[in-house]
Amino acid sequence: MLISFINAFIDRLKAIPDLIPYQTGVLLVVLLCNGCGQTPSAVDPALDRPYTAEDGGALLSAMPSDPSGLISMVAGESASSAISSHIFNTLLRYDQSLDLTGELVDTWEVAPDHKTITFHLKPNLKWADGKPLTSADVLFTWQLVVDEKTHSPYASDFQLVTHAETPDANTFIVHYAQAFSPALDSWSGLQILPKHLLAGQDIHTTQFAQKPVGSHYYQLSEWRHGEYLKMDKNPLAVLGAPHINQLIERIIPDPAAQFLELMADNIDSMNMDPITYARIIPSRPDLQARLNQYKELGNSYTYLGFNLKHAPFDDVRVRQAINYAIDKQEIIDGVYLGLGIAIASPYKPGTRWSHPTLTPYAYDPQRARALLTAAGYQDSNGDGILDRQGKPLSFEILTNHGNKEREKTVVIIQRRLKEVGIEVKVRSIEWASLITRFIKTGDFDAVVMGWGLGLDPDQYNIWHSSQQQPGQFNFIGYQNPTVDQLLEQGRQTFDPVERMHIYHQFAEILYQDSPIVYLSAGYGLTAIHKRVKGIVDPIPAAGVGYDSQQWFVPAPIRRHQMQAE
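Mapping of the sequence shown onto our numbering: residues 1 to 565, in sequence order.
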């Protein structure tokens with residue numbers, strides 16, 4: 001039923017230019033059909049030969065949107081982190097088994113009372129401009145993230161540090177007033193910035209965000225906004241130089257256009273949509289001969305979030321009614337082709353933090369209507385839209401333009417909510433504008449977005465009532481004193497079983513309050529050209545991109561011309 005609806009929807013797209021472009025829908029169908037019975041084109045047999053790792057070459061990829069800037073503690077969005085993670089280092093990182101290991105530090109000690117951590121930096125660290133990277137840079141970065149003028153969405157973790165000290169150039173010590181269980185995890189996420197280039201500057205207006213100098217494997221060499229970013233190998237990288245000389249990230253918002261570039265051999269890798277992964281590539285032997293496909297359950301989920309400061313979302317009965325009115329499995333099957341999992345708590349399925357007995361809200365339109373009636377809504381004028389005190393039950397859902405799965409999801413939600421008497425308007429907006437114009441200002445009714453989560457279960461930044469200032473992550477305005485207490489308690493608990501029970505209670509309250517509708521936990525789907533070697537197989541727990549500095553492109557199968565434009 002859903003597929004026929006989507007196909008019918010594509011026929012209507014000419015009249016709805018802000019949603020999925022008509023040409024894109026046709027293109028996907030054409031690509032799919034073209035695969036049937038097609039004779040495979042000639043494929044270079046050299047792609048499948050064994051090679052020894054060597055330096056050189058370039059890797060071209062595609063991403064859907066431009067970063068807003070490359071200081072991730074300020075930007076707080078995925079496009080920024082995707083690029084800045086190539087440029088800046090953190091004190092700690094997770095290895096392929098998801099255990100913490102040192103990145104800028106050799107060793108660290110945690111005091112018996114868990115209130116002091118001493119980090120010992122590796123010797124002779126340097127920034128890409130040759131200046132020494134020392135504990136003074138770490139102290140400066142901590143001071144910057146906790147500065148109220150920075151308005152960092154990550155500040156709350158680091159504001160728990162009462163004071164920090166640098167007894168010498170290679171030692172950084174932090175003190176907490178109370179034990180903080182996610183402390184080490186927090187230091188694996190803070191990218192260290194150079195004091196000598198940023199001291200005294202306004203972090204929100206500095207040109208450094210557009211022309212950064214870091215310490216990691218690559219350094220930005222060119223950024224043509226809306227077109228591409230180029231990063232060159234950093235010979236002074238603190239972890240040693242990578243094999244591949246240059247990374248090029250092309251900005252291509254439309255996944256279908258990305259896939260055309262992949263087929264034309266103008267890019268080497270892309271994140272795929274389910275149709276490309278499950279239908280198009282398997283139907284094309286020539287593509288299978290040139291591409292490797294990777295599938296992994298990510299640590300993220302997609303959701304419909306309500307602005308709880310706006311009516312009617314201040315009424316839990318309305319939120320629950322919407323939850324019952326949406327068929328999540330319909331979205332998973334129809335939009336994601338089954339490549340998703342319905343969830344009932346904000347944690348990765350299969351982990352100890354995911355509540356074992358909560359089940360997703362069932363698709364139950366009758367129950368949804370009963371809740372709306374209890375909230376005082378009725379169709380007083382017979383137009384099919386419920387109203388209360390003469391005001392129709394109507395609102396707008398925003399999502400990011402270019403994300404076809406989210407755009408399709410919003411249309412399905414619109415259809416299902418109309419069936420229970422709710423009028424929904426939909427609008428897709430370019431990512432940077434969505435964040436700066438609407439999310440950070442709170443100027444929205446509802447959004448379909450996603451959360452990418454860390455490995456620690458702490459979600460204070462997203463759900464605690466104190467995290468509602470512009471630029472912080474609790475932009476939906478959720479507040480519940482019991483949840484606040486549980487989140488605070490979870491940060492001070494070290495026993496994993498006790499922490500698990502705390503976060504299960506937290507998930508139960510969210511489930512009842514329904515501040516968001518969990519739509520699905522999705523799979524990461526990646527296609528990478530076979531010219532790229534050194535990829536860990538099978539995929540480790542840390543993901544397909546783990547240890548990408550070990551990837552290499554053998555000289556005999558490198559592209560002869562760079563296609564950045």
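No lab work stands behind these hints, which were simulated from the structure alone.
Please note: incorrect hints may appear among the correct ones.
As the list claims (entries may be wrong) - DSS-like mimics (lysine-lysine), calculated; alpha carbons at most 27 angstroms apart, straight line:
(1) Lys530 <-> Lys230
(2) Lys418 <-> Lys348
(3) Lys295 <-> Lys131
(4) Lys295 <-> Lys533
(5) Lys295 <-> Lys440
(6) Lys149 <-> Lys440
The model shown is predicted, which means the values in this text are computed figures rather than measured ones.
Status of each hint after checking the structure:
no.	hint	result
1	Lys530 <-> Lys230	holds, 22 angstroms
2	Lys418 <-> Lys348	violated, 31 angstroms
3	Lys295 <-> Lys131	violated, 41 angstroms
4	Lys295 <-> Lys533	holds, 17 angstroms
5	Lys295 <-> Lys440	violated, 33 angstroms
6	Lys149 <-> Lys440	holds, 15 angstroms
The structure shown violates the earlier hints numbered 2, 3, 5.
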